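Asks: Chain order of the listed sequences is A and B.
Residues 84 to 450 (my numbering) are what the first sequence spells out, left to right.
Residues 84 to 450 (my numbering) are what the second sequence spells out, left to right.
Careful: at least some of the hints might be erroneous.
To be verified - Here are the in silico distance ranges between beta carbons for each label pair:
#	chain 1	residue 1	chain 2	residue 2	range
1	B	P369	A	Y124	36 to 44 Å
2	B	S161	A	P392	41 to 49 Å
3	A	A270	B	A448	23 to 31 Å
4	A	P323	B	E421	55 to 63 Å
What the hints assert, rightly or not - In silico contact screen, one side only, chain B against chain A (beta carbon under 10 Å); selected entries:
#	residue
5	G101
6	H137
7	R219
Unchecked claim - Chain B side only, calculated, beta carbon under 7 Å to chain A, not exhaustive:
#	residue
8	A87
9	E106
10	P128
11	L135
12	F138
13	D139
14	A188
15	P191
16	M199
17	D258
18	G340
19	P342
20	R347
21	V351
22	E426
No wet-lab data here; the hints were simulated from the structure.
On a predicted model such as this, the values are computed, not experimentally measured, just so you know.
We put the CB at the ideal spot given by N, CA and C, even for glycine.
There are 2 protein chains.
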Amino acid sequence: MSQANPFTSTARRPHIEGPFQPEEMRLANRNSGLLLEALRYDVTPTGLHYQLNHFDVPYVADDAWQVEVAGRVARPASISLDEICTFPARTLPVALECAGNGRGAMSPRYPSMPWMCEAVGNAEWTGTPLRHVLERAGLLDDGIEIAFIGVDRGFDRGREHAYGRSLARDVALSDDVLLVWAMNGQALLPQHGFPLRLIVPGWYGMASVKWLHRIEALAQPYDGFQQAVVYQYRSEPGGPRTPVTHMRVKSLLIPPGIPDWYTRARLVDAGPVTLTGRAWSGGGVPITRVEVGVDGAWMPAELAAPLGPFAWRGWRCMWHAEPGEHALACRATDANGETQPLETRWDAGGFGNNAVHRVHVTVRAKP
Amino acid sequence: MSQANPFTSTARRPHIEGPFQPEEMRLANRNSGLLLEALRYDVTPTGLHYQLNHFDVPYVADDAWQVEVAGRVARPASISLDEICTFPARTLPVALECAGNGRGAMSPRYPSMPWMCEAVGNAEWTGTPLRHVLERAGLLDDGIEIAFIGVDRGFDRGREHAYGRSLARDVALSDDVLLVWAMNGQALLPQHGFPLRLIVPGWYGMASVKWLHRIEALAQPYDGFQQAVVYQYRSEPGGPRTPVTHMRVKSLLIPPGIPDWYTRARLVDAGPVTLTGRAWSGGGVPITRVEVGVDGAWMPAELAAPLGPFAWRGWRCMWHAEPGEHALACRATDANGETQPLETRWDAGGFGNNAVHRVHVTVRAKP
Numbered sequence: 084m085s086q087a088n089p090f091t092s093t094a095r096r097p098h099i100e101g102p103f104q105p106e107e108m109r110l111a112n113r114n115s116g117l118l119l120e121a122l123r124y125d126v127t128p129t130g131l132h133y134q135l136n137h138f139d140v141p142y143v144a145d146d147a148w149q150v151e152v153a154g155r156v157a158r159p160a161s162i163s164l165d166e167i168c169t170f171p172a173r174t175l176p177v178a179l180e181c182a183g184n185g186r187g188a189m190s191p192r193y194p195s196m197p198w199m200c201e202a203v204g205n206a207e208w209t210g211t212p213l214r215h216v217l218e219r220a221g222l223l224d225d226g227i228e229i230a231f232i233g234v235d236r237g238f239d240r241g242r243e244h245a246y247g248r249s250l251a252r253d254v255a256l257s258d259d260v261l262l263v264w265a266m267n268g269q270a271l272l273p274q275h276g277f278p279l280r281l282i283v284p285g286w287y288g289m290a291s292v293k294w295l296h297r298i299e300a301l302a303q304p305y306d307g308f309q310q311a312v313v314y315q316y317r318s319e320p321g322g323p324r325t326p327v328t329h330m331r332v333k334s335l336l337i338p339p340g341i342p343d344w345y346t347r348a349r350l351v352d353a354g355p356v357t358l359t360g361r362a363w364s365g366g367g368v369p370i371t372r373v374e375v376g377v378d379g380a381w382m383p384a385e386l387a388a389p390l391g392p393f394a395w396r397g398w399r400c401m402w403h404a405e406p407g408e409h410a411l412a413c414r415a416t417d418a419n420g421e422t423q424p425l426e427t428r429w430d431a432g433g434f435g436n437n438a439v440h441r442v443h444v445t446v447r448a449k450p
Numbered sequence: 084m085s086q087a088n089p090f091t092s093t094a095r096r097p098h099i100e101g102p103f104q105p106e107e108m109r110l111a112n113r114n115s116g117l118l119l120e121a122l123r124y125d126v127t128p129t130g131l132h133y134q135l136n137h138f139d140v141p142y143v144a145d146d147a148w149q150v151e152v153a154g155r156v157a158r159p160a161s162i163s164l165d166e167i168c169t170f171p172a173r174t175l176p177v178a179l180e181c182a183g184n185g186r187g188a189m190s191p192r193y194p195s196m197p198w199m200c201e202a203v204g205n206a207e208w209t210g211t212p213l214r215h216v217l218e219r220a221g222l223l224d225d226g227i228e229i230a231f232i233g234v235d236r237g238f239d240r241g242r243e244h245a246y247g248r249s250l251a252r253d254v255a256l257s258d259d260v261l262l263v264w265a266m267n268g269q270a271l272l273p274q275h276g277f278p279l280r281l282i283v284p285g286w287y288g289m290a291s292v293k294w295l296h297r298i299e300a301l302a303q304p305y306d307g308f309q310q311a312v313v314y315q316y317r318s319e320p321g322g323p324r325t326p327v328t329h330m331r332v333k334s335l336l337i338p339p340g341i342p343d344w345y346t347r348a349r350l351v352d353a354g355p356v357t358l359t360g361r362a363w364s365g366g367g368v369p370i371t372r373v374e375v376g377v378d379g380a381w382m383p384a385e386l387a388a389p390l391g392p393f394a395w396r397g398w399r400c401m402w403h404a405e406p407g408e409h410a411l412a413c414r415a416t417d418a419n420g421e422t423q424p425l426e427t428r429w430d431a432g433g434f435g436n437n438a439v440h441r442v443h444v445t446v447r448a449k450p
């Protein structure tokens with residue numbers, strides 16, 4: 084590992100091959116993922132939704148919270164949370180996935196949070212469309228991007244910054260992009276952005292800025308570090324970049340049977356087993372097909388009723404488990420015809436891994 | 084790593100020296116700890132309390148829940164959760180810490196969840212003293228231990244079992260040992276034991292059995308795997324064992340300043356800094372002193388008012404930060420005169436690490 088001064092060195096961190104590093108373990112101990120058995124809940128229970136926070140969770144004493152609306156607007160102002168809560172409210176179930184989900188399965192891997200597959204959740208978010216706030220401030224015609232800045236602050240690759248991201252004007256004005264103050268019917272928890280955050284349905288989680296403190300309309304592209312440098316697909320380190328935006332089509336399987344504590348190996352009793360899980364895609368594109376693989380042979384799963392245009396979708400498939408070792412997998416396809424790849428597509432930053440989810444099980448004869 | 088069959092091999096897992104293993108990373112991605120900045124809350128917000136679950140979180144559809152009370156009782160019966168909720172209720176703030184907290188800092192370390200220091204929380208639990216249920220069932224005089232069995236099931240070292248633990252009769256009859264149905268004023272979350280769990284204040288978390296399904300009074304010591312084998316102090320693998328019971332005196336410090344994303348290195352602005360954190364001990368023994376160490380020199384911290392006999396206790400200490408590198412630490416002492424050791428005491432299973440918490444910071448001159 085580079086021993087460079089983290090507060091001054093702007094060098095790229097070298098990729099890691101082989102064992103996990105102490106830095107990766109610290110991040111895994113800080114951030115938390117969905118327990119796969121909790122895929123069974125339509126709405127992810129509070130505290131089981133994945134959370135990834137770049138810096139410390141800021142302490143916000145109360146809800147005397149103000150959001151500064153600035154830049155290319157006719158009426159720059161600080162708007163209180165109380166006023167924002169008077170705008171028309173919407174509640175949307177939204178599948179959110181971390182763009183780095185699956186990074187830990189890449190080789191070599193970028194030194195960052197080593198998610199395997201668990202960085203996802205599907206909560207019900209309540210707030211008001213962002214456009215109401217932009218209309219109140221009088222967004223000017225030359226405001227081509229809207230930047231969102233949180234109060235969380237720290238360093239990454241030698242740059243001190245508050246976490247910030249932007250959206251193009253047309254995306255920001257969509258009725259689905261929300262300023263939210265509630266999750267699953269309750270005030271936001273500190274770690275999910277209390278008292279106010281952005282939710283950008285259909286996008287990877289990095290767009291949904293927490294502890295939202297400043298909204299700035301810009302006449303030029305936003306060049307914040309998390310926008311211009313971090314969340315970019317690259318096929319080689321330092322190579323050409325493509326912004327990370329919508330989630331890629333993906334599915335996860337609830338591991339059947341019971342686990343071994345340490346290895347998490349799974350033991351299943353022979354006989355009929357209902358395999359079930361969730362599938363989602365980005366940009367509001369519906370899931371049209373889920374297949375379940377057993378030892379390399381694919382069979383169709385039955386899709387549950389949709390929960391909403393941006394929510395994950397349930398699926399199930401009966402399997403007659405025979406004693407022995409078996410390789411289970413699931414693969415989703417969306418209405419654009421995009422299908423999960425069988426193998427991980429490598430990315431320099433570890434983003435966008437939507438390879439099929441695989442679960443190995445041992446089946447024992449019924450006693 | 085041993086490649087033994089996890090469902091049949093009863094061999095001890097060999098200790099690990101050096102880099103973290105994939106099994107450890109899987110456990111770190113499943114279990115979650117307190118974010119140290121959340122030590123500032125008297126009551127740990129929902130979803131920030133540590134959680135460690137040996138097996139899968141079981142799904143419980145509703146609260147038509149029954150607890151079987153069996154063994155050395157005059158009136159064995161299944162008691163409904165509805166009836167348990169009619170018994171006299173108590174709410175207690177309780178600091179709970181995982182017995183394996185700090186395992187990841189031992190060398191060599193036992194192959195299990197590699198906590199650094201974050202496996203703690205302080206929630207308000209609401210329930211009824213267990214003794215009401217034992218009295219209703221008519222605990223017989225020869226019931227010397229009470230066993231508590233959850234519905235969560237799996238393997239560890241080749242033994243299939245439901246998670247179970249026991250308490251000696253006198254402990255179980257204490258007014259402080261609760262059957263709880265609420266945490267922080269809300270129904271238990273699935274991952275914290277919905278719909279009913281045991282809370283044993285003053286003990287490490289393994290005693291507070293979740294998803295409680297069966298209570299059995301025994302005329303002989305309980306020999307469940309988690310009781311007789313797992314949660315035992317041993318100074319050498321396979322050596323003589325001492326049961327893990329009460330929490331050891333401990334304290335944690337909120338890392339001041341702001342972090343670097345990947346290394347979690349901390350940068351602090353020069354000038355006055357309030358260092359603050361929490362301290363707790365086991366068995367209801369009060370904290371009597373907290374000291375803060377700066378570069379090896381110890382100074383007393385001011386204790387906040389106690390929150391309750393089993394809760395953690397706040398403390399604070401002013402520090403005038405001078406530019407440069409500094410080693411911060413905190414050390415608590417309890418009313419029994421027990422003080423945290425400066426160095427980790429090794430344990431074969433990785434239990435009971437209450438060494439002083441150390442935080443390295445870089446202080447920069449004020450701009």
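Asks: So, for every hint listed, does it hold in this structure?
Replies: Evaluation of the provided hints:
1. B:P369 x A:Y124: 36 to 44 Å: 41 Å, holds
2. B:S161 x A:P392: 41 to 49 Å: Hint holds: Cβ distance 45 Å, inside 41 to 49 Å.
3. A:A270 x B:A448: 23 to 31 Å: 39 Å, violated
4. A:P323 x B:E421: 55 to 63 Å: 60 Å, holds
5. G101: 8 Å, holds
6. H137: 5 Å, holds
7. R219: Status violated, d = 31 Å.
8. A87: Violated: closest Cβ of chain A sits about 10 Å from A87 (chain B), beyond 7 Å.
9. E106: Result: holds, 6 Å to nearest chain A Cβ.
10. P128: 6 Å, holds
11. L135: Check failed: Cβ of L135 (chain B) comes no nearer than 10 Å to chain A, outside 7 Å.
12. F138: Hint holds; F138 (chain B) Cβ to chain A Cβ min 6 Å, cut 7 Å.
13. D139: D139 (chain B) check passes; min Cβ-Cβ to chain A is 4 Å, inside 7 Å.
14. A188: 10 Å, violated
15. P191: This hint is violated: P191 (chain B) lies away from chain A, its Cβ roughly 15 Å from the closest one there, beyond 7 Å.
16. M199: It holds, given that the least Cβ distance between M199 (chain B) and chain A is near 6 Å, below 7 Å.
17. D258: 29 Å, violated
18. G340: 9 Å, violated
19. P342: P342 (chain B) check passes; min Cβ-Cβ to chain A is 5 Å, inside 7 Å.
20. R347: 5 Å, holds
21. V351: For V351 (chain B), the interface hint is violated, since the closest Cβ of chain A sits about 11 Å away, which is over 7 Å.
22. E426: Given a least distance of 18 Å, the restraint on E426 (chain B) is violated.
Hints 3, 7, 8, 11, 14, 15, 17, 18, 21, 22 from the earlier list are contradicted by this structure; the remaining hints agree with it.
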